[in-house]
Structure formats: C-alpha cells, structure tokens
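Enquirer: My request is simple: use the sequences and hints to build the entire structure.
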Amino acid sequence: MIPLTYYLILSSIVFTIGLYGIMSQRNGVRLLMSVELMLNSANINLVAFSSYNDDMSGQVFTLFSIALAAAEAIIGFAILLSIFRMRDMINIDDINILRW
Amino acid sequence: MMAVDIAGIGELIMFALVSTLTIIFSILVVTAKDVVRASLSLIVTLVSVAGIYVLLNAQFIGMVQILIYVGGIGVLILFAVMLTTQELKGGSDD
Amino acid sequence: MINKAINGAVALLFLAVVALAIVTTTWITVDELPQNLADQSNIEAIGVQIFTQFVIPFEVLSLVLLGALIGAVYIAKSEVEK
Amino acid sequence: MAIDSLAFLIPLLPALAFVITFFFGKKMYSGGALIPIGAIAISCIISILITINLLQNPEVVVHQSYPWFAIFNLGILIDPLAGVMLCMVTFVSLLIHIYAVGYMSHDPAKPRYFAETALFTAAMLGVVLSDNILQLFICWELVGLCSYLLIGFWYQKPSAAAAAKKAFLTTRVGDVMFLTGIIILFSSIFTIYNGNLPEGIYVLQFNEMFKLIPELSAMHTTILGSEVSMLTIITLLFFGGAVGKSGQFPLHVWLPDAMEGPTTVSALIHAATMVTAGVYLVARTFPMFMGAPDALIVVAYVGGFTALFASTMGIVMNDIKRVLAFSTISQLGYMMLGLGMGAVVGMEAVGVSMFHLINHAFFKALLFLCAGSVIHSVGTQDMRQMGGVGKVMPITFITMLVASLALAGFGIPGTQIGTSGFFSKDAIIETTYLFGEHTGNYIPYIFGIVAALLTSIYIFRLLFMTFTGKARTDYGGHESPSSMTVPLSILAVLALIFGALTQTKFYRFLDETFINNFVHVNIGDLAELGNYHLVHGHHGEPLLILWMPIIVGVAGLLISFLIYYLKVVDMSKIVSRNNFVFKLLYNRYYQHHIFIEVISLQLTYGLSLVGEFIDRKIIDGIIDGISDGTIAIGEIIRKIQTGVVQSYATAVIAGVGLLIILLKLIVEVQ
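Residue numbers (the working numbering), protein chains in the order written: chain S, 1 to 100; chain Y, 101 to 194; chain A, 195 to 276; chain W, 277 to 946.
A portion of the hints provided could be inaccurate.
[Unchecked claim] A few chain W positions that, by computed beta-carbon distances, are all more than 12 Å from chain S: (1) Phe525; (2) Pro526; (3) Asp658; (4) Tyr783; (5) Ile839.
[To be verified] Derived BS3-like pairs: lysine-lysine, alpha-carbon spacing no greater than 27 Å straight-line: (6) W:Lys442 - A:Lys271; (7) W:Lys302 - A:Lys271; (8) A:Lys198 - Y:Lys133; (9) W:Lys302 - W:Lys442.
Hint data in this document are derived by calculation from the structure and do not stem from the laboratory. Built from N, CA and C at the ideal position, the CB exists for glycine as well.
Expert: The following block contains the structure:
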C-alpha cells in the first residue's frame with residue numbers, strides 16, 4: 001500500500017504551485033485557475049485522510065467542497081466579466097478602484 | 101505474498117504516473133504563455149486528480165470530480181477565457 | 195522578473211515547511227485501504243451520511259448555490275436599464 | 277420557563293432583519309429602518325426578561341445545545357455575565373438605530389446601512405450567547421466583517437476605504453492569535469484525553485474547558501529555555517485576540533482611523549459592542565486566566581499602559597471624534613486593567629470590569645451620539661472651527677455634559693451620589709490600589725490614577741472647545757430632530773443614575789457567573805493553581821485613596837477650565853500684569869528706569885520665556901513628540917504598503933513560513 005505521506009506530499013506540491021500562481025499571476029482568469037488548483041489539493045488531502053482512516057465524512061466534505069468551488073468559480077467569473085465590460089481588461093494590477 | 105507485492109508495485113506505478121501528470125500539468129497552468137493553453141492544462145490536471153481519487157478507492161468522488169470540475173468548471177473557465185480575451189472579443193458578446 | 199524569483203522562493207519555503215511537517219509527523223492510518231465489495235464506489239455510505247449527519251450543511255449548501263446563482267446573474271448582467 | 281425557549285430569537289431576529297432590509301429596504305419607509313428597530317426591540321425585551329429571571333434565580337442559567345457536527349455543537353448560554361451584556365448590547369443598539377433614523381436621513385444608502393448594523397448586532401449577540409469557544413470565534417469573525425463593512429460605509433471616500441482595510445487587517449492579527457489559541461487548546465485537550473475524546477460531550481464548551489484547567493496548567497512546554505504552562509500560552513493567545521478587537525496597546529492603531537464611518541457606527545462599534553467583545557472574551561474565559569498568573573499580569577500591564585498611553589494622545593487631538601476614539605481605547609484599557617486585578621480580588625475582577633463596561637457603553641455611546649449631533653448640525657469634525665455650540669444646541673450640550681462628568685468619574689466617595697462612571701472607574705482604581713497593597717506593586721495604580729487625570733483634562737477640553745465661548749466660524753447650527761435627542765436623553769439619564777442604582781447588586785449578580793448549574797468553577801482551587809492570596813471584603817483603604825480619583829478628576833476639570841475656557845482672560849491678564857509690573861517699577865524707580873527696565877524686561881520676560889519654553893517645548897514637546905513619533909514611524913511603515921493584495925499574500929506566506937521555522941527552532945513541545 002502506498003504510504004499516506006505520498007498523497008500528502010503530492011497535495012502540498014499542487015498547493016504550492018497554486019500558491020505560486022496566486023502570488024505571481026496578473027491575469028484574473030489565471031488567478032481563478034490557481035485557486036482551483038489549491039482547492040483540488042485540499043480535496044486530495046480530504047479524500048486521502050478519509051480513505052486511510054476509514055471514515056466517510058472526509059468524502060462528504062469533499063463533495064461539499066467541490067460544490068462550493070463551483071459556486072466560487074461562477075462568482076469569480078461573473079466579477080471578471082463585469083470588470084471586463086467596464087474596463088476592457090482583466091489585469092488585476094489595474095483593477096484598483098477599491099484601493100486607497 | 102508475491103502477488104500482493106506485484107499489486108502494490110502496480111499501484112505505486114499508477115500513483116507515480118498520475119501524480120507526475122498532475123504536477124506537470126499544474127505547473128503548466130501557472131507557466132503557460134497562452135491562457136487557453138493554461139486552462140486546457142487545468143482540465144487535464146483536474147482529470148488526473150480524479151484518477152488519484154480512484155486510486156484512493158473513492159470512485160464516486162472521482163466521478164463527481166469529472167462531472168462537476170471537468171464538465172462544469174472547466175467549461176466555465178474556458179468560457180471565461182474566451183469572453184475576456186481582447187483578441188477574441190470582436191462580436192462574440194453583445 | 196525579480197518579483198517572480200521572490201514569489202518562487204516564498205513558495206519553495208512554504209513547500210519546505212509543509213513537507214517537513216508532513217514527513218516528520220507519524221500518521222495514524224488503517225493497515226489496508228477499506229474495500230466494501232457491496233458498495234464499491236462508496237455511493238451508499240456517502241448518501242447515507244449526507245442525508246443523516248450532514249443534512250443541515252447540505253441544505254445550507256443549496257442556499258449558497260442559489261445565492262451564487264443570483265449573485266452571478268446580478269453581477270454579470272449588463273447595466274443598460276440603469 | 278416560556279421565555280427561555282425564545283432565547284434563540286435574540287440573535288435570529290436581527291439576522292432576519294438584515295435579510296429583509298437588505299433586499300427590500302429600498303421600498304420601505306426610511307430605508308427599512310423600522311424592521312431592524314422592531315427586531316432589536318423584541319430581542320431587547322426578551323433579553324431583559326431573561327435577565328430578570330436570572331436575577332431572581334442566578335444559579336439556574338439558560339443553556340440550550342444542539343449537535344452541529346462531530347464533536348462540535350451550537351449552543352446558547354445565558355448566565356449573568358452574558359445576560360447583562362445582552363441587555364446592554366440590545367438596548368444601546370436599539371437607541372443607536374433610532375438615532376440613526378434622524379442621523380442618516382439624508383444618506384441615499386440607508387437600506388445598506390440598516391442592514392449592516394442589523395447584521396452587526398446579530399453577530400455581536402452571537403458572540404455573547406455562544407456556549408462554546410468555536411461558535412464564539414465564528415461570530416467574532418462575523419463581527420469583524422461587519423465592522424469592516426460599516427467603517428467603510430462611505431467607501432467612495434478613499435480615507436474611509438483605507439480605514440476599513442486597516443481595521444480589518446489589524447484586528448485580523450488578533451483574530452489569528454485567537455484562532456491559534458483555540459487550536460492549541462483543542463490539541464492540548466486531545467492530548468489530555470489521549471486521543472479518545474469522550475462520547476456525548478462537546479469539549480470546546482466553556483464548562484468542559486474549565487474542568488480541564490488543572491490538567492492544562494500541568495502541561496508544560498519549553499520556550500527559549502524557560503518552562504511555560506500550556507494554559508498560559510492559550511490564555512495569552514486569547515488575550516491577543518482581545519487586544520486586536522478591543523484596541524489595546526500594540527494593536528490600537530485601527531480604532532482612531534475607524535472614525536471615518538458614520539458617527540452612529542462609531543457609537544455602535546466603538547462604544548457598546550465590538551470593542552467590548554475583547555473584554556467580554558477575557559471575562560468569559562476568566563477561570564482560565566485565573567489559572568495562569570503570568571497571563572493575568574500581562575493583561576493588567578497591557579490594560580494599564582493602554583489607559584495611560586491613549587489618554588495622553590487624547591489631549592492633543594483636534595478632531596472631536598478622534599478624542600473620543602482615544603478615550604475609548606483608554607477606557608478599554610481600564611477594563612483590561614480591572615480584569616488583570618483578578619490575582620487579588622478573584623472573580624470580583626469580572627464584576628468590576630463588566631460594570632465599567634456597561635457604564636462605559638452608556639456614556640461613551642452618549643458621547644459619540646452627541647458628537648454626531650454636533651457634526652450633523654455644524655458640518656465639521658474639527659473642534660477649532662466650533663465653539664459656542666452649547667447656545668444653539670442646549671439638549672446636546674446638557675447630555676454631553678452629563679456624559680463627560682460620567683467619563684471623568686464625578687461623584688462623592690462614600691455615598692450613593694455620583695455618575696455611573698464614578699462608581700465603576702473608582703472600583704477599578706481601588707482594586708488596583710488593593711493589588712498594590714497586597715503585592716507591593718503600585719504600578720497599575722499609578723497607571724490608573726494618572727490616566728484618570730488625563731481623562732478629565734481631555735474630555736473637558738473637548739467640552740469647553742466645542743460648546744462654550746464664541747463661535748469661531750460661521751456654521752449656523754441648529755438643534756437636532758427629536759429622533760436624535762430622545763435617545764440622547766435616555767442615555768443621559770442612564771449615564772447619570774445607572775451606576776448608583778445597580779452598584780451593589782451588580783457585583784453580587786456577576787459573582788454568580790461561574791457558580792451555576794452549567795459552569796461550575798471552584799475559585800479556591802484556581803487561586804491555589806496561580807499561587808494567589810485572594811482578598812475578600814476590602815473597605816480598609818485610606819480616605820485619601822477613596823478621594824483620589826475624584827481629586828484628580830476635579831484637578832483635570834480645573835486645568836482644562838483655566839486653559840481652554842479662560843484662555844483669553846488668562847492671556848490678557850498675564851500681559852496686563854506684565855505691563856502693570858513694568859509701569860509700577862517704572863514709576864517708582866524712575867531714575868533707574870533703564871536699569872529696571874532691563875531687569876524687569878529681561879528677568880520677567882526671560883522667566884516667562886523660560887516658562888513658555890518649558891510649556892511649549894518640553895510639556896508640549898513630550899506630548900507632540902509622542903504623536904509625531906507615531907506619525908513618523910507610520911510614515912516609514914506605510915512605504916511597505918504597496919496596496920497590491922498579492923504582495924501582501926506573499927508577505928503573509930513568507931512570514932508564516934519563517935515563523936514556523938523559528939518556532940521549530942526555539943520551542944520543544946514535551
């Protein structure tokens with residue numbers, strides 16, 4: 001059997017890649033994609049723990065998490081779209097109307 | 101004993117394969133120059149994560165992952181890319 | 195470019211910390227991945243859990259999705275009528 | 277017990293009001309203000325009825341609990357501590373809502389305002405009602421979010437948006453500490469039970485937490501070579517959360533800036549509710565603090581220092597609301613100081629501190645609402661442009677005067693005559709004296725008494741500069757509408773008499789908090805754990821100590837009166853006396869007039885110059901230096917703030933990583 005550690009390391013690597021994306025990307029859509037990566041790594045963790053502890057709640061939480069990710073993607077996309085309508089770009093460096 | 105070992109090795113190989121896929125394509129997501137390419141890599145990443153779920157004996161979650169993530173969010177992100185890219189904008193919306 | 199280098203360094207630092215924590219922790223696990231032959235894909239177990247123990251979060255989730263739907267429509271609709 | 281079963285309505289009604297007002301408020305009268313007002317009024321009535329029940333029967337508390345998931349639950353706990361908080365929050369919130377109908381009448385975004393304040397009230401009530409620390413934390417975060425929304429209510433103003441962000445991020449520092457405390461607490465409990473959490477009990481409920489205090493206190497970990505008990509770490513982290521929320525010393529920076537919101541928001545957030553959440557948290561988990569003597573000392577010192585530090589800054593401010601903001605920080609410092617005295621007076625510290633909290637809520641809300649009334653009428657927040665407002669706004673002036681007297685703590689010791697602030701503040705100062713007497717450490721007392729003097733100076737400076745004298749600019753003020761003056765009057769009456777009415781009852785009532793059918797704590801055991809010698813019945817203070825707070829209060833009033841009311845007279849008197857002395861000397865020693873002139877001029881003028889130098893450069897210099905230093909440090913630090921969220925995120929992640937490595941290097945958990 002594969003040790004649990006492998007899955008955790010895999011998930012932390014995917015999470016780090018997502019994190020790097022969050023920190024370095026300037027394009028709104030790419031930011032959203034990086035967030036999806038991070039969410040997925042969290043889900044891998046949940047499912048891995050669920051399987052290795054023989055406890056089904058982890059998988060139920062994964063389902064919830066997937067549904068919430070869908071909601072989050074929809075909202076993020078809607079915001080990007082409305083910003084794009086207003087400004088004709090989605091470079092988040094230039095979206096600073098809420099900034100002081 | 102031997103059989104178990106072989107099964108274990110097979111599992112390990114599968115895991116190595118799927119996790120390599122996941123990592124390579126998720127790196128592509130953040131490094132690819134073209135946004136469309138990045139979003140397609142994201143979809144591949146999501147599919148391989150579904151593979152990991154299956155390896156973890158969570159087949160149902162794997163199915164849901166493919167249905168919702170790949171089918172729903174993947175398409176949504178592709179749409180987002182199409183709708184918010186300047187070059188492709190002409191006449192697509194409005 | 196310098197920014198990307200800093201970001202990469204920070205991400206690697208994070209990965210190092212997390213990986214270290216994962217490797218040094220002793221995880222308590224079952225000996226063999228559980229295999230329920232009657233319910234290979236866990237659908238039944240998950241369904242039972244969702245509709246018994248987690249029924250309230252499940253209902254709340256439906257409201258969240260509805261809210262997301264309405265919010266998305268509201269945000270993304272064109273502002274011509276204003 | 278019919279009324280107990282309605283307890284869940286207390287937070288639920290304002291939450292419902294939020295939904296209704298938010299979505300349908302536009303079409304209703306006055307932006308749907310009546311919905312939250314009605315909801316909070318019902319909550320207020322329910323809370324008062326429950327509290328009256330409790331008052332008659334304090335050992336039977338209202339406790340309802342429902343399983344949430346796994347080992348967590350959702351629950352309602354109304355014991356005397358929560359009961360008085362509930363009444364205070366709902367009542368002050370109700371008055372502020374009524375006041376806001378008049379104050380916000382010209383604002384187009386009224387529905388959003390009323391929806392957000394209703395949500396804020398609901399969240400705050402959630403904090404108060406929680407029966408477990410996790411639920412408290414969730415509501416705590418919701419309070420933080422609402423404060424962000426409300427401070428940034430006029431988000432079109434860049435300064436308001438910045439202030440909202442600052443408040444959110446600064447309190448977030450405290451919140452992270454709080455969360456860390458909860459996590460450490462949970463993992464410690466897990467260790468205590470050897471990983472087998474007992475079935476059927478929720479370990480994060482307050483009573484379960486308190487039962488484990490001896491075990492937690494026995495767990496040790498090594499930090500930088502010295503052994504620290506787990507309980508101390510947990511309580512210090514909890515206190516960190518309270519520091520962020522209650523604007524204590526290192527994290528107080530957000531509170532003055534938060535005055536960018538509407539004045540009603542300032543009154544709601546900075547007088548009655550949000551900032552007191554930190555004090556409430558410490559009071560709620562007070563048995564744990566009792567078991568950790570080091571943490572209690574930290575609470576006392578941070579509180580005392582904050583009380584002093586903030587009041588020095590209050591003296592130099594010219595913005596009326598900022599003076600009040602610093603005053604709030606200072607008074608919260610007093611409450612923390614009072615809690616920190618638990619090492620000597622035991623559970624009575626909770627009573628003393630909560631009494632000040634309640635009284636402070638009344639008079640500080642009143643001060644803010646009066647300031648709001650003045651701002652509403654005059655149209656500026658700068659006190660240098662006001663003056664003589666008392667003539668055009670008599671009701672506001674009288675209520676403000678009452679509030680100022682209460683803040684400065686005026687009353688006659690030994691009798692039942694006095695403003696509410698007098699009873700509560702005196703109690704805290706006396707407790708610090710008692711602390712000094714029993715431990716030989718008079719520093720908290722000095723903090724308290726000096727801060728009391730400064731408090732009196734700045735509040736009367738505000739009063740004289742704003743309401744008396746001649747109008748310095750042409751502002752054409754008018755008295756506010758009755759929806760604003762009625763709440764002012766109610767609060768003024770309460771600020772005046774509440775203390776005298778409830779003083780003795782209050783302590784006895786709150787002493788029951790940790791001895792009832794739900795939470796049961798043995799004070800003696802805790803005192804043994806912390807090596808305390810608790811003192812009961814303290815009436816042996818010297819007369820001077822009893823009178824000291826009122827003496828410094830009057831002294832402050834006189835100083836302000838001389839400087840800010842008689843300012844013109846005083847100055848001209850000095851000038852004329854100079855002339856008079858000069859002339860007298862000139863006439864008498866006519867032949868030596870050049871010599872005398874030189875002497876008189878040189879000496880008198882020189883002396884007055886020295887006096888002026890001491891006054892201007894040294895005294896003002898110290899005070900200005902503090903504020904200039906703060907500003908200068910701020911100028912340096914603000915360079916780091918690029919405003920790009922991503923770079924913040926990068927910094928946060930790098931910080932967390934480095935912190936973990938650092939902790940790994942210096943901490944060895946045993």
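Enquirer: The structure should be examined with respect to each hint, and the outcome stated for every one.
Expert: Hints and how they fare:
At roughly 25 Å from the closest C-beta of chain S, the C-beta of Phe525 (chain W) stays outside 12 Å, upholding its exclusion from the interface. With a closest Cβ-Cβ approach of about 23 Å to chain S, Pro526 (chain W) is found to remain outside the 12 Å limit, as its non-interface label requires. Annotated as non-interface, Asp658 (chain W) keeps its C-beta farther than 12 Å from every C-beta of chain S; the closest such distance is 22 Å. With a closest Cβ-Cβ approach of about 46 Å to chain S, Tyr783 (chain W) is found to remain outside the 12 Å limit, as its non-interface label requires.
Every beta carbon of chain S lies more than 12 Å from that of Ile839 (chain W), the smallest distance being close to 36 Å; the non-interface claim holds. Under the criterion of a C-alpha separation no larger than 27 Å, the hint pairing Lys442 (chain W) with Lys271 (chain A) is inconsistent with the structure, at around 32 Å. With a CA separation close to 20 Å, the supplied pair Lys302 (chain W) and Lys271 (chain A) stays within the 27 Å bound. Taking the CA atoms of Lys198 (chain A) and Lys133 (chain Y), the gap is about 15 Å. The hint holds against a cut of 27 Å.
For the proposed pair Lys302 (chain W) and Lys442 (chain W), the alpha carbon gap of about 30 Å is over 27 Å, so the pair is violated.
Of the numbered hints listed earlier, those contradicted by the structure are 6, 9.
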